[in-house]
Amino acid sequence: MKSCGVVVEYNPFHNGHLYHLEQSKKHAEADCMIAIMSGNFLQRGEPAIIDKWHRTEAALHGGADLVIELPFLYAVQHSDFFSQGAVQTLAEMGVDSICFGSENGRIESFLEAFDHMNKHQEEFNATVRMYLNEGYAYPEASRLGYEAISFPSGSIDLTQPNNILGYSYVKQLLTYAPEVEPLTVLRKNNHYHDEEMSGQISSATSIRKELLQAEAMTEKSELCLPPQTVKVLQHYQIHQGRWHNWEDYFHLLQYKIMTMEESTLRCFHGVDEGLEYRLKRMIKASATFHEFLSSLKTKRYTWTRLQRTLAHILVGTDKEEARILLRETPPPYARVLGLSETGKRYLRSIKKEADIPIITQPQQFTHDMLDLEARAAAAYYSVLSPKQRVNKLKREYEAPVIL
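Each residue of the sequence shown is one higher than the one before, starting from 448 at the first, in the working numbering.
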């Protein structure tokens, strides 16, 4: 069976994702589509609008054959670690290709950018360090670094979010798994950060904004979503009483930060350069999560970086623990969240040959990365009622969704 991997969040699964899956399968001439998906917390440091099981269900109905969980520690990271966890896991799953969406749409541009960067890596690193020392945030320092090494005319724009991730995937593939073919599909109609909806294909950001503001499904949002995603979202809201967002967790975050010493806060992953003092100072004067983030944000600390740090504080990710786990290559396991009949056949065909454990029953496997996953699930479901929380945490250790 020929397989193609995609790296996804599906927050929520929308028509653009459906297009990406269909085009990826066509480009790769694949029999089996394997999606590695962030769990309950996402790369921008946000809680997913609905949990990973419901997002898995929507993905399987949308054409994915096998859904693997990207562990929390990789999922809530900048692009290099995010892509490392995703690409290396997919490679261990035996995929023939990985296809990503991009604002560029030409895989040749990414390959040329990789070659150019290899020739100018030292100059790029020195420029980025210089701007970081001047107080710039890493994304802006990187943009200035790319300018300094003068990418050839017609190269990819590495200020665009999906191009940045795509470049990271290509870098990981060419370094770690050169036997896996990189492919890209041009994004249609919208940009990753677009906050306004625009027809049948709109960004996940704009769809979440519409859903959370209305606190209900609207005609505009329904237009952008496959029918099964609409059902999954409505089912989750009816049975759990919410769609998740950071404001739900603010009281928990506030309690943790206000009752901890600075020396304890300093031990959490992402709390660097004296940020613990700023966290303690600003939390006391903030009534909402948005207000708290707005007061924390500076030229150096971007909104996304701060959200990721706060997610690690909420979950309790120890800085030293994270450093050790992120050194492990490849990732220590691949956890199955759901599969179709095609996915089941594929899994049977590769399970004995895989170099890392493929887990369908996590209670039978022990690893610190999986323990961190359990803490992330506990944090995510902590805003539900006690009975709902018990049921959801029990679900964390049952067999995967099979449709």
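Simulated from the structure, these hints should not be mistaken for laboratory data.
For glycine and all other residues, C-beta sits at the position ideal for the given N, C-alpha and C.
It cannot be assumed that every hint is accurate.
What follows is a set of in silico ranges between Cβ atoms, one per label pair, in the way DEER data are often shown [said to hold, decoys possible]:
| no. | residue 1 | residue 2 | range |
| --- | --- | --- | --- |
| 1 | L558 | S829 | 41 to 47 Å |
| 2 | N565 | W750 | 39 to 45 Å |
| 3 | N572 | S796 | 38 to 44 Å |
| 4 | E788 | L591 | 48 to 54 Å |
| 5 | E788 | R553 | 43 to 49 Å |
| 6 | T706 | A595 | 31 to 37 Å |
| 7 | E476 | R747 | 30 to 36 Å |
| 8 | N565 | E666 | 47 to 53 Å |
| 9 | K798 | E626 | 36 to 42 Å |
| 10 | L633 | N565 | 24 to 30 Å |
| 11 | E800 | E708 | 45 to 51 Å |
Status of each hint after checking the structure:
1. L558 / S829: 41 to 47 Å: For L558 and S829 the Cβ distance comes to about 44 Å; the hint holds.
2. N565 / W750: 39 to 45 Å: 32 Å, violated
3. N572 / S796: 38 to 44 Å: 42 Å, holds
4. E788 / L591: 48 to 54 Å: The hinted range 48 to 54 Å holds for E788 and L591, with Cβ atoms some 50 Å apart.
5. E788 / R553: 43 to 49 Å: 35 Å, violated
6. T706 / A595: 31 to 37 Å: Given about 45 Å between the Cβ atoms, the range is violated.
7. E476 / R747: 30 to 36 Å: For R747 against E476, whose Cβ atoms are near 46 Å apart, the range 30 to 36 Å is violated.
8. N565 / E666: 47 to 53 Å: This hint holds: roughly 50 Å between Cβ atoms.
9. K798 / E626: 36 to 42 Å: 19 Å, violated
10. L633 / N565: 24 to 30 Å: Roughly 25 Å apart at Cβ, these two residues keep to the hinted range, so it holds.
11. E800 / E708: 45 to 51 Å: This hint holds: roughly 50 Å between Cβ atoms.
Violated hints, listed in ascending order, are 2, 5, 6, 7 and 9; each of the other numbered hints is respected by the structure.
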